[in-house]
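Taking the hints into account, I'd like the entire structure generated from these sequences.
Residue numbers (our numbering): 87 to 291.
Quick caveat, the hints were computed from the structure, so don't treat them as lab data.
A couple of the hints might just be wrong.
[Said to hold, decoys possible] Under the rule of at most 30 Å between Cα atoms (straight-line distance), these lysine-lysine pairs were calculated in the DSSO-like manner:
#1 K290 <-> K248
#2 K230 <-> K162
#3 K248 <-> K170
#4 K141 <-> K182
#5 K126 <-> K169
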Amino acid sequence: MDSQSIPPLLSIAYFPPVSYFSVLCRHESVFIEAKEHFIKQSYRNRTIIYGANGKLSLTIPVHHQQLYRTPIDQVKMLNDGWKKIHWRSIESAYRKAPYFEFYEDRIRNVFWTEEEYLFSYNLILIRTINSILKNNTHINITSKFELSPDFYSDIRNSISPKNKFVAQLEYHQVFSEKFGFIPDLSILDIIFNLGPDAASFLRKS
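This is how it looks when you write it as C-alpha cells:
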C-alpha cells in the first residue's frame, strides 16, 4: 500500500504546529486519537507562538483529578481566565503580521467558543483551521485505544515539543529580524504570515 494512502494517526493538539498540518494537508484522510490518556508537556494542551521575546508557550489549564487515567476526550478545561491571556498574547504576537486582520474575526470567534472538554475544543479549532486552509482532508476520530495500531501510520507522539524539529522551509516571520527564523511554531504563525499561500507551503514542507 502506498504510504500516502495509509491514514496517519495523530494526537489532538491546541492550535497544532506547522509539522502537524503538513501531515494533515498531504493525506486524504487522517485519524485523531480520542481514547488515549492525557500526556503532559505535549501539544495536547499547548501551542507555541513567536512573541516579541522569542518563543512563547501558551498552555490550556486542565482539571487534574484522575487526569492520567481519563481518556483525552473526557479531560475538562479549567475556566480560570486563560482565554483572555492567550488571545491577548496572540494579538500582541501577530497584530503586525500581513494577514492577521484578514483572519482575525474568524479565528477569534471560534477561539471564544464555549466548550467544556479539551478534546472537543481543540477539534473545533483544527477543523476551522482546515477550512481556512481550504484543505479537503477528512478528519476522523478514533473510537477505541490501540497501543500498536495496524491500520494507521502512528505518529501520535512523534510531533512533540520535546522532539527537535530538523528541517522546514523558511518564510518571513514578524520578529525574525530580532531572533531569526523559528521553525514548527503554531499553525497560527503560518496563517497570519502567509495567508492564502499557507496551504501550498504546508504541502511542500
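Has the given pair, K248 with K170, been kept, meaning a C-alpha gap of at most 30 Å? holds (27 Å)
Holds or violated: K141 and K182, Cα atoms, limit 30 Å. holds (17 Å)
For the pair supplied as a hint, K126 and K169, is the alpha-carbon distance within the 30 Å limit? Satisfied, since the Cα-Cα distance of roughly 19 Å is no more than 30 Å.
Decide if the proposed pair is consistent with the structure: K230 and K162, CA atoms, cutoff 30 Å inclusive. holds (19 Å)
Check whether the Cα positions of K290 and K248 lie no farther apart than 30 Å. Holds. K290 to K248 sits at ~24 Å (cutoff 30 Å).
Violated hints: none; the structure is consistent with every hint.
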